[in-house]
Each structure stands twice: as C-alpha cells, then as structure tokens.
Amino acid sequence: MTYVYFPGCSLTSTGRGYHESLQEVCRALEVPIQELEDWNCCGATSYMAVDESKAFALSARNLALAERLGNGSTQMMVPCAACYLGLNKAQHYLQEFPAIRGKVDKALAAAGLAYSGRVQIRHPLDIFIKDIGRDKIAARVAKPLAGLKVACYYGCQLVRPYAEFDDQHNPTTMETIMTVLGAEVIDWPLKTRCCGGSLTGTIEDVGLRLSYIILTEAQKRGADLVATACPLCQFNLECYQGKMNGRFGLNGKVPVAYFTQLMGLAFGLSNKSLGLNRLFVPLPERRAVAAGGGAHVRG
Amino acid sequence: MEKWQGWDKIQYEAGLDPHFGTKIASIPGGDKLLACIQCGTCSGVCPLSPYMDYTPRQIVAMIRAGFKAEVLSSYTTWLCASCYSCTVECPKEIKITDVMYAVKRMAIQEGVYPKRFPTPVLASEFFHSVEKTGRSTESWLLVRMYLKTNPFKMLKQAMLGFNLWRRGRMGVGVESIKRKDELHRLFTAMENETRAERRAGQEVRP
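Chains A and B, in that order, give the protein sequences. Taken in order, the first sequence gives residues 1 to 299; the numbers are from the working numbering. Taken in order, the second sequence gives residues 1 to 206; the numbers are from the working numbering.
If we strip away everything but chain A, and leave its shape as in the complex, we get (with noise of 0.2 Å):
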C-alpha cells in the first residue's frame, strides 16, 4: 500500500531536513510513498483565526486530491503537527457538523472536487510503530545511537487533541522508536508542553521563554538532544538559541534534530541526504560508540 505524503508548507523551507530524512527513511523500510499532487496548505493555526470555514474548505481540498489517488482506502502521511491537527480537525468538523459539511461539499463540487470522507489522516511516528513495527525498524538499525541521551518532545498539536495513535498526557512512541534504535531516552516532563508556537515571531520575548523552559529541562535531566516531530518546534527550538543563551542564561546548545534524522543515522544513511547539513547545532560526536559503547562522557 502507498501512502499519500503531505508536506505541508513548513517541510519546503525551514523544515527541509525533515522532509528529506522522511524520505530517506521511508525508502531504507520499504515504505511506499507518493507526494499528494498540487497539495496546498492545510489551513493551520494562523488561518483558523481568520476564517474558520474556508480554513475546512482548504484541508478538504487536500482530502479530496488524495482521495483521488487512492481508491477509496487512502492512508495519508502528515510529518507536520500543524498539519496533522489542520486536517484531521477538519475530517471530525466534516463528520460532528452536517451543516459545515454541506457548506464544504458544495464549495468542492464547485471546484471539480469531491470527497467523501474517508481518507485516513496518519503521523509517520504513529505509521511506523503500528504498520511497519519495531522489528522492522530494529533489523534496519546498522550503527545503534548508543550512549546518545535524548528527550523526545512531541509539542502540542501532535497529541491534542486528536491523535489516537498515542497518548495525550505521556505519548511514548517516539521513545520506543528511540529505544529501538539504540539510544537511552531521559525522562521527562515536558514533552507535550507548547514551545511558544508562530508566538518566536510574534511575541519574541514570550515565545523564547517557552522554548528556554523546554530545553534548559531537557538538559537538567542529562539529555544530550532533543528529538522532535514537529518543523515550528524544531525551528523554535533550534534556531534562537543564541537569542535565549543571552537573555535568560540557556547553558551551552543544546542539538535538536528530527526523530527521522536520528532514525536515518542509525540506519547508516549519510549527514548529507538526511539534511543534518542544516542544522544550527550539530548532532553530538558519537564518542561512546566509538569508546566501544561504555559509559558516556559529557564533553
């Protein structure tokens, strides 16, 4: 079965990395994947706060096109939280509210478009843990992420408040991916805690403080990287430590890569085709691996 991949408009710039180390990882499991032709963005946060029933009418576009594509038991791939929340809050508005639904099916037949409903809106964290499985992944695995510390954060959108795949309070997906791969997980709190959001833009001062929290916890509890699902969070993250190390005091960097990087690393896939070239902070050296796996060293 192919799955239908949805980018999303963060996956074409700041969040390239992801993009590229999804598909490098999908190809190393055999995962069959077809990006959705002409895709457009999923009506995410920023657009739900100005018109919320077009903000439907554009992710029902997207379900329409991939319904298109797969013959009626369409599974659709979606690495963005943001999208992931945008569409499948649409699919449950669609199905709870006859009346957005009728306002939207004549909006698509208007468009040539029509869709009734049943395509399958799936995070790939959630994909690879229930369809492909560990003992997959695990057989795939050529140099184990030992002695790597890490902190999964999931962020917000990812778990609220639809996902199913996990769960709401203390997902632990991303941690058995983790596991499986070779590496120690920490644990902790903060793992679904908002990272301030498009708020680094907006807000700044407000915004960085909600990433600071995230990462200065992170590292308190031994973590030497944080593993995201998310393009916003990587980005919030990654990219204005500079900006916390001076106004609040954050301690050093701290790496935060995606899960698909950190997966694509142990399979042995090169730096290059999994985007770690864009990465503000660079991954930790594998010092341990190389020391023959013993105790890990802080540098």
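A hint or two may mislead.
[What the hints assert, rightly or not] Okay, the calculated beta carbon distance ranges per label pair:
#1 A:D167 <-> B:P18: 40 to 48 Å
#2 B:V172 <-> A:A28: 29 to 37 Å
#3 A:D187 <-> B:W4: 55 to 63 Å
#4 B:P50 <-> A:D167: 20 to 28 Å
#5 B:E2 <-> A:P189: 51 to 59 Å
#6 B:V172 <-> A:P32: 48 to 56 Å
[What the hints assert, rightly or not] Chain B is faced by these chain A residues, among others (derived, beta-carbon under 10 Å):
#7 T14
#8 D38
#9 V50
#10 L58
#11 K106
#12 A110
#13 R160
#14 G207
#15 F280
#16 L283
It is worth saying that the hints were derived from the structure and are not from the lab. Note that this is a predicted model, so its numbers are computed, not measured. Note that CB positions come from ideal geometry on N, CA and C, so glycine has one too.
Chain B: place on chain A using the hints.
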C-alpha cells in the same frame, strides 16, 4: 473636594452586550461554554496564562457575562498559541481553544484587535498569502508582518534569515500551487454559501 477618578473603571449592566456569550457559543460544539464552572483548570494548564492580561478562566467568565469590548481588545486571545491543553483538560469539555479562535475572528472582523500587535497582523498576512497562492511562504510572510508592525525588528532578524538561507532552509521565491483557479472557485463558492446563510437570516457564526 477633588473629583473621584475611578468612574471609567466601573462597569454597568447596560454597558454589557447580553448577546456576546451566546454568539461566541454558536460555534460548532460551542454551547458548553455556558456551562463553565469557573474551576480554573484552563488557566492552570495554560503555558501562556502568566503573560496574559486576563487568564483563560477570566475570559470565559467575561464572554458569558457580555464584556465584549474588553474581551475583543484584550491581549489574551493573541497570546494563545493553540496548544489545546485547556481543551483536553476542561472538566466541562469546553473547547476553549476554539472559543479563543472565535474571539480572534470576531476581533479581526470588527477591527478591534490591539493595533500593530504582531499576532493578528501575522494571521491576516498568512490568510491573504494562502488566499492568493494556496501555500504559505514563510520568508515573505515574516517580511510583510515586520513591515506592518516593526520594520526595525526585521533588521535585527536579518542574520537569522541569512543563516537559514545559507543552509537552504529559506528561499526567496514564492511558493504556489499549480491549479490556483480550482482553489479560487472553492473559495468563491464558500463565500457565496456564507452570503446565502446570511440572507436566509441564519445566525452567522464568528
């Protein structure tokens, strides 16, 4: 004797909008708003509430009581990052995040949001760029937002932009879908439907 200075702080029943609460509650699944028990769980779990002028619990109480002017011009809704913590924790299952969205939309429609505050400007710019091209181009979105709020800040962000560009994480082109006509037909039809609803005398949701 000196004149008392506090008159403008006093609220009278006549100054409230008795329909404001029910109007906001008319959003899909919004009727539970009126059942709020003021427990404060929303304010407790909200990571942004320490920075807000009214906490989410206060905003819900004010909406229900009809403090329209105060709610629409407050900073609270524009600080909401839509993380849905309040929505999933509310014991009365009030969709507080969606209530915040409804307030944002009404504030934009009525033009009463805090002026030159970046969040509503970002939302409007995002909306218009997607309306035109079907996609959002992060670089140009930010440039337009800074030009309309604080052009000086854009200069301060230039280094970040350069570093992103250097790593291939930000382009200078504009992202667009191919079949823009299809999208425009979709939008026009949605607008016509909304107009028809209004003509039919239906309550138009914020």
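Hints, verified against the model:
1. A:D167 <-> B:P18: 40 to 48 Å: This hint holds: roughly 42 Å between Cβ atoms.
2. B:V172 <-> A:A28: 29 to 37 Å: Holds, since V172 of chain B and A28 of chain A (Cβ atoms, about 33 Å apart) stay within the stated range.
3. A:D187 <-> B:W4: 55 to 63 Å: Cβ of D187 of chain A to Cβ of W4 of chain B: about 58 Å, so the range 55 to 63 Å holds.
4. B:P50 <-> A:D167: 20 to 28 Å: Check passed, 26 Å falls within 20 to 28 Å.
5. B:E2 <-> A:P189: 51 to 59 Å: holds (53 Å)
6. B:V172 <-> A:P32: 48 to 56 Å: violated (34 Å)
7. T14: holds (5 Å)
8. D38: OK, holds: D38 of chain A within 10 Å of chain B, min 5 Å.
9. V50: holds (4 Å)
10. L58: Holds, about 7 Å.
11. K106: holds (6 Å)
12. A110: Holds: closest Cβ of chain B sits about 4 Å from A110 of chain A, inside 10 Å.
13. R160: holds (4 Å)
14. G207: holds (8 Å)
15. F280: holds (7 Å)
16. L283: violated (14 Å)
When held up to the earlier numbered hints, the structure conflicts with 6 and 16 and fits the remainder.
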